[in-house]
Amino acid sequence: MGVGKKLIGWLDERTGLVALIKGGLDEDVPGGARVRYVFGSVLTYLFLQQVVLGILLATYYSPSATDAWASTAFIQDRVAGGWFLRGLHHHGSSVMVVVVVLHLLQVVLAGAYRKPREVNWWTGLFMGGLVLAFALTGYLLPWDQKGYWATQVATGIMGTVPLGEPMQHTLQGGAQYGNLTITRFYALHVFVLPVTLTVLLGAHLYLFRRHGVTPPASLSDEELARKTQPFWPNQLFIDVAAMAVTGAVLVWMTYRTHGAELFAPADPASNFVARPEWYFLFLFQLLKYFEGPLSIIATVIIPGGVATFLFALPFIDRSESRAAKKRGPVLAGVGLIMVGVVVLTALAVVADANNEHYQEGLVAAHEDAERTRELAAEGVPPEGGTAVWQNDPQYAAIAVFKETCATCHEIDGRGAEEAPSLTHYNDRAWLRGAVREPRSLTYFGGTKGHEEMEAYSVEDLPDEQLDAVIEFLLELREQGKDEPDPSAYDAKLAKQGAALWEDELDCSGCHEIEKGADGVGTPVFWGRGTRAWIARVIRNSSQADLYGENAEMPAFEGKLSDEEIAALADYVYAQGLAD
Amino acid sequence: MSDEAKGQDTQTPSEGDDTRRAFLKVGVGALGAGLAAVVVAPALRYSLWPLAEGVEVTSGGDEFVVVGKRDQFGAVPVKVDIFADRVDAWNRTKNVKIGSAWVVELDGQLHAFSSVCPHLGCAVDYEAESDKFVCPCHDSAFGLDGAHEAGPSPRPLDQLEFEEQQDGKLLAIRFERFKQGIEDKVKV
Ligand code: FES
Chain A
1 MGVGKKLIGW LDERTGLVAL IKGGLDEDVP GGARVRYVFG SVLTYLFLQQ
51 VVLGILLATY YSPSATDAWA STAFIQDRVA GGWFLRGLHH HGSSVMVVVV
101 VLHLLQVVLA GAYRKPREVN WWTGLFMGGL VLAFALTGYL LPWDQKGYWA
151 TQVATGIMGT VPLGEPMQHT LQGGAQYGNL TITRFYALHV FVLPVTLTVL
201 LGAHLYLFRR HGVTPPASLS DEELARKTQP FWPNQLFIDV AAMAVTGAVL
251 VWMTYRTHGA ELFAPADPAS NFVARPEWYF LFLFQLLKYF EGPLSIIATV
301 IIPGGVATFL FALPFIDRSE SRAAKKRGPV LAGVGLIMVG VVVLTALAVV
351 ADANNEHYQE GLVAAHEDAE RTRELAAEGV PPEGGTAVWQ NDPQYAAIAV
401 FKETCATCHE IDGRGAEEAP SLTHYNDRAW LRGAVREPRS LTYFGGTKGH
451 EEMEAYSVED LPDEQLDAVI EFLLELREQG KDEPDPSAYD AKLAKQGAAL
501 WEDELDCSGC HEIEKGADGV GTPVFWGRGT RAWIARVIRN SSQADLYGEN
551 AEMPAFEGKL SDEEIAALAD YVYAQGLAD
Chain B
1 MSDEAKGQDT QTPSEGDDTR RAFLKVGVGA LGAGLAAVVV APALRYSLWP
51 LAEGVEVTSG GDEFVVVGKR DQFGAVPVKV DIFADRVDAW NRTKNVKIGS
101 AWVVELDGQL HAFSSVCPHL GCAVDYEAES DKFVCPCHDS AFGLDGAHEA
151 GPSPRPLDQL EFEEQQDGKL LAIRFERFKQ GIEDKVKV
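Those sequence lines, one after another, are chains A and B. The end of the first sequence is residue 579 by UniProt numbering, with every number in the run present. The end of the second sequence is residue 188 by UniProt numbering, with every number in the run present.
Isolated chain B, as found in the complex (with noise of 0.2 Å):
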């Protein structure tokens, strides 16, 4: 800054400088903070689009998926991996894995659960030493009838829907993904 500038800029303001300064504080706030805006407000929104109604980012696997024959299943639990194709943002994969479960039949009753832990979503296994359902992360255990009888898990094991098809020969299943971590089973 030059001498001169800074003589001018001590010199005692009159009224009229005091309102047209608090003018142009005003006015550097205000543009300022619209200019801000222009960028913020869509990006409020291109933020938080994967929230909005009727948005699915992810889709696919709605359907039954015919994962075996029907007389593969018995007392002891099959893993099947449930294919189908998949919509991902911006990709669309045919035939991909989207998820497990795991089939029992017990007392003639025949039980899909899904393999995602009610708990915080790990891969349960089975395990055949105590014929139980166990969580390898927090050590939830369920029955094979999907009761929750240890561990930290909220709720039993979810059960999928099936449908035999094909004059009961196959098992096809509707795999869905429920919210993690509280006692109700409510869908995502």
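Extracted from the complex, chain A is given alone in its bound form (with noise of 0.2 Å):
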């Protein structure tokens, strides 16, 4: 005897393993092992392979609202492999959904929730449920725009149903989604769930093996006795190759997607276009044909019927045989619920392919994600989720004006009024106005030692006089970029403006226009509003080409980083471009 085999006696002898190894595997399948018989051992297999990946994701995932989206796009972006094991997750639950669809319809088919088997029905329908609920649990655990808004709508539609509102608070662990949803989801997803499934797995298991396969109905007792074949290795040969297709197509799916999708952090401010997973499609479009009051028909009265038609199907089906000629209106009554299924989740994937602002809602969140995920390759800021935009440049200089601008000028309101207002700066609507009223807070009313410049009324310069002066000065701008840009101006009107200027204004009194000249305490306008020319401007204002001895502005070189000064022209500068 090898020393395997005294090991295993030895331990045999103590635990009676092999009796409960062979109790295990020997089961007569009644009729042969077939196809048809493979999808509960699909399931299984797919369910102990979602337990692993989800430890395994457990172990970089980190469940807090600042936290969840940063470590999700740690785990996808970074981690060796994170991508294809989250990937496998993801699609994991949507396989398992297919599955669980077929394996229905297949007991269904044949008649296997009939008496003795009803509790075993019922099991399994519950089984059907958790599935569903881990998807719902799961998608919001990203934290990103997706899941967020989904689920949203998910938790939205259970405050609507009677005494639905404390069982929505309960569940998202207050009036508002925030640090107590993601921990209960976690804990719903990770703890109670898994361990629910398992325990019902064991009865379902148990009952099967208790009533056994349900053989066609065609074939007579002495046939099925005549065709019986062992369950080891006949079936479980069927099912192993059944598993192995089916994680092949989960590795081609997960391999051809790159993983599961991330969209950007979740941002409640913004508007994001929410669609729940595919398989829930159905039930999201549903929810578009009833209006207010009537919502709760699609959203407790259709799915409740049909729950309860399932489960009530034992009781309904009262043929005394179990073909399926037999049980014509069953049959139908299935049918029909899948065919609407299938109807209502191609008339949601249609209604999207045909809405354009769905579609550019679609590209302008995915460009949100590619951004966000890039950034947050510089680590993300323990505010977490959307700080993450605080490593974009754009923000930093946002933050920068904040503290260094904001004491004396104004953007949207935020900011003082010391200095010219930086709202739409240098747009048309802020050029004429400084024409116009160059005293009023907005220009230079608020800065000290401005006085000179007086505005120009209508009377003097009419509105189409000012127009071709503004684009003018528009194009004095462009020349001075190292790429002008000639569809920034209105190049006739801007030639006129011109004319004006030479002839008739007083402005030229004051302004230079001249590529090089020096102004008099006041800006050049060649190359005016450049963000080349705003850098400038908060390096030093004191250029004679600038403001000369009239500038009031503190010089910032040196005491903002060349990186900052880049940042905040950018920004200054991006305050034109919205008109």
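Each hint should be verified, as a subset may be incorrect.
Unchecked claim - No more than 27 Å apart at the CA atoms, straight line, and that leaves these computed lysine-lysine pairs for DSS-like:
{"id": "1", "chain 1": "A", "residue 1": "LYS559", "chain 2": "B", "residue 2": "LYS94"}
{"id": "2", "chain 1": "B", "residue 1": "LYS169", "chain 2": "B", "residue 2": "LYS79"}
{"id": "3", "chain 1": "B", "residue 1": "LYS79", "chain 2": "A", "residue 2": "LYS288"}
Said to hold, decoys possible - Examples of chain A residues toward chain B, derived with CB under 7 Å:
{"id": "4", "residue": "ALA175"}
{"id": "5", "residue": "PRO268"}
{"id": "6", "residue": "GLY413"}
If you are wondering where the hints come from, they were derived from the structure by calculation, not from laboratory data. Cβ atoms here follow ideal geometry from the backbone N, Cα and C, with glycine treated the same way.
Take the two lone chains, each set in its own frame, and fit them into one complex as the hints suggest.
Here is the structure:
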């Protein structure tokens, strides 16, 4: 006897292991092994794989509003194999839903829900429900835009049903989404649901073994007995082959999509085009058809009716025989439900495909996703989620602006008025205003020592002429750029403006327009308003072609880094682009 | 179980044994229930704590928040983000986005609408082609005055309170959330 055998013998004597395994595998399959019996095994395999993958993900994932997105992005984009394991877990849930439906259809076709297997049918339905609950709770955990908004709709539905509000608030841990929503969904997803499913799965398998497979109704008892094959290895081989096919599909899906999507971090202020995962689209579509108080038809009555129908199936089905022919109405009922689901899903997909607004939103969402994940590579600030944008130079500029510039300048109402407003700085309306009312607080009214410039009234400078002058100023600005953009101004108007400047206006008394000229404590207009010009003003505005001796603004050269000045200049420049 | 033990078990029990066993059975049940209650009772309060009187899990943003200059708003709706210091359970974050609002001026009258769809909470968008607010989820549509025009939403868009600060130069909004899916506008 080999050592291995000896060891097994030793263990068996003390545990009865061999008998246990034998008991597990020794099972007659009346009528022989069949492909149609594989679904339960495939689901068991998928569930076990999900458990393993889930544990692996949990070793990097951090369930909190500040960390969830950052840690998911870390798994997805940094950790070796992270995208692959996360992708398998994500697509695994989709595949599970598909196989659950196939399993259910097979059971219905075979009439396996009938006496004496009612309880097994019910445990199966419960487990199907749990699979959906897994999907719903798992969807939120990355705390990205998609999960956040789609789950809002789901919990929102919960809040609208009778007595739903306390349920909703218990589930999401308060009236709003936040840290407690994640910890609760996480606890459900990784403890409550798996434990419940495991218990039900145990019961399901026990009952299955107690009653055996439901062989084809067309075979007589004799035939069944004659064709009987053992579970091991005949059926098990088919089962494992089916698992292998499923696994191959899963790997293929995961590679093809580079794992699961991860959108930008959840942002309660954005307008994200929320869609649930594909297998919930039919419910989503259903919601569109019922207005106001009738919503309950879509949220409770129809889904509740379908669930009740399925649960009551063993009692509804009163036919003598299991043969499919004899159970027309029951099969038609289930078939109708399936057709409804498929049609509604198709309608939702088609509606979105034809919805430009949605398509644009999706493109924007993907851009945001890409950008935020790039920024996340530098590390997400501890405020988490959307704070990742702070890594963006423009957001850094906003922070510097608030700290350094807002004591005098304002943008969009935030900041002081002791210097010109930078809201829409240098766009056409801003420039027009500067000519019409330079003394107002928006322009130089709040700036010390800038009393010289006189307003041009409509009588002296009619609107059409002013518009021409503005185009001329924009042309002068463009000339100062390395690559002037001729579409930034109207060339014809600009020409008129140049003529007015030469012949009629008093502006040239103080403002030069020549490249390289010096002002008289007034900015030269050649190149005024470009990014580079703004950066120079920030560095030191007392240069002769800027504000010269009239310069009030402190020089930030040396106080701010070159990058900060460049980012600020970009930010201020961008204010004028909105028009 | 050894054979001896089995032997004892099969002896016909006396009446005293019966009562004693009845007592033991009740005892097992009572002790078991007691042990479970040690956890279950506090667990209920613990889990339902967010619903308890006076508990506010998330707070912040109840004040008026400046969203921009009054004169930047006009007949074309503008979306503004609302920033506030927010406490979310154990975290306090300064100056984070807590929501957004659409601001529009109609016939000289300013309106500020929460961007949260009264149906189920998706973010409502402005669609320039139709000059309407539309929800990307279940296709509810609203006029610029917030009136419900199509789709499943049970009520018009939710008006937010606003203030014109600094002699009417700045606009400040108080961002609030309202219950979804019902006809009345009720604060959550
Ligand atoms: S959430 Fe806006 S229509 Fe449903």
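Checked hints:
no.	hint	result
1	A:LYS559 - B:LYS94	26 Å, holds
2	B:LYS169 - B:LYS79	18 Å, holds
3	B:LYS79 - A:LYS288	25 Å, holds
4	ALA175	4 Å, holds
5	PRO268	5 Å, holds
6	GLY413	4 Å, holds
Checked against the numbered hints given earlier, the structure satisfies every one of them.
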